[in-house]
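K.L.:
Let the sequences and hints guide you as you build the complete structure.
If you're matching them up, the sequences are chains A and B in order.
As numbered in my numbering, residues 1 to 50 make up the first sequence, in order.
As numbered in my numbering, residues 51 to 369 make up the second sequence, in order.
Fair warning: there could be bad hints in the mix.
Claimed, not checked - Just some of the chain A residues that point at chain B, by a computed CB distance under 7 Å:
no., residue
1, 10
2, 11
3, 14
4, 16
5, 24
6, 25
7, 28
8, 43
No lab work stands behind these hints: they were computed from the structure.
We put the beta carbon where it would ideally sit given N, CA and C, even for glycine.
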Amino acid sequence: MSDPNSESEAFAKARRGRNIAIAVGLLLFVVLVFVVTIVRLGGNVANRAI
Amino acid sequence: MTHAPSKAPALWSDYVLLLKPRVMSLVVFTAFTGLVMARTPLNPILAAVAVLCIAVGAGASGALNMWYDADIDAKMRRTRGRPVPAGRVQGADALTLGVVLSLFSVMLMGMALNWLAAGLLAFTILFYAVVYTMWLKRSTAQNIVIGGLAGALPPAIGWAAASGTAPPNAWLLVLIIFLWTPPHFWALSLYTSEDYAKAGVPMMPVVKGAASTRRQIFGYSLALIPVCIAPVFTGLGGPIYLAVSGLGGLVFLLLAWRVLRSHAGEAKGERNDDGLYDVKASSKDARNLFAFSILYLTLLFAALLAERAMAMTPLELLR
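P.N.:
Written as structure tokens, this is what we have:
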């Protein structure tokens, strides 16, 4: 018979690990979109008509 | 497609396994080769984003495959430990992951690179998840022949990502992988056919028998080798590529000939354990062809990359 407390602890730990993975993934995605935007804009920002 | 929750909690690494990282590595390699062979100057960050999108797209189709095929996977030794049949991840979660990653990878490819590459990526994901997984795999012995197109397309996606076009040379790389898939996969299925039969998957050895499969392996190998050498005549490959494709092709044909002459796939209990390489003596020829086929494809694309790298100036390599 397994201890229900240690079991729920293991589930909570696994959930925390998954949440951190999602947070890291989302953060990387945001950074990626920002970097891609900068690269694609290139020098066009400075050269645009004002 | 729902599975009873397991006692073991789902770790983040289980979700990584849903993306079939081993398959992803070959996809990334061939896509990168396509990207390089396009010979179009591309910002390295955008090139990395293109490869990332293709890798994530391939992973997404893997997750969709694992969601839909969980019932089959549970019956096969090779796949029963996967997160969904093992009960660590719910089928619905695998489906959600697959759909979300598909959308993200295609949209990012379209916005960061171009919409031809994004369209080809979307087609590849749909073809693998819907045409192969949901339809062909369970209905015809030609499943991996036609379905192999999904695994063959990455070089064209890489090429399109770099140049915005997909010329005949890009499709030649696709054709190489397309013709390579049947001998590669059928060599494996010769000594795993019991698993496929148990799961009700109409793999060639299950439907047509081992002897017919061995003949078809040899036939596809005969068609494959000239196509592998063809890039030398279309301006893609040079002397290194010619040597690798020619000599490797001879070894490939020799191994396929040995499979043809063997009794691979006829004895019961061909495999000794859950691994892919520990087989009984009768199936050693099939195992050898399976292992060499992976090496051959890797060497072909590595030769193209090596020749391209040698042709570039150090400054070009950094760009």
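K.L.:
Hint validation: residue 25 of chain A versus chain B, beta carbon distance must be below 7 Å. Holds or violated?
P.N.:
The hint is violated - residue 25 of chain A has no Cβ within 7 Å of chain B, the shortest such distance being about 9 Å.
K.L.:
Let's test the interface hint: is any C-beta of chain B closer than 7 Å to that of residue 14 of chain A?
P.N.:
3 Å, holds
K.L.:
Once the shortest beta carbon distance from residue 28 of chain A to chain B is found, is it less than 7 Å?
P.N.:
Violated - the Cβ of residue 28 of chain A stays beyond 7 Å from chain B, reaching only about 10 Å at its closest.
K.L.:
Grab the minimum C-beta distance from residue 43 of chain A to chain B and call the hint holds if it beats 7 Å, violated otherwise.
P.N.:
The hint is violated - residue 43 of chain A has no Cβ within 7 Å of chain B, the shortest such distance being about 13 Å.
K.L.:
For the restraint on residue 24 of chain A, tell me whether the closest CB of chain B is nearer than 7 Å.
P.N.:
9 Å, violated
K.L.:
So, residue 11 of chain A near chain B? Judge it on the closest CB pair being under 7 Å.
P.N.:
4 Å, holds
K.L.:
Does residue 16 of chain A pass the interface check with chain B, least Cβ-Cβ distance below 7 Å?
P.N.:
Violated, about 10 Å.
K.L.:
A closest beta-carbon separation below 7 Å is what the hint needs, so does residue 10 of chain A meet it against chain B?
P.N.:
Nearest chain B Cβ about 5 Å off; hint holds.
In terms of the numbered hints stated before, the structure departs from hints 4, 5, 6, 7 and 8, listed from lowest to highest.
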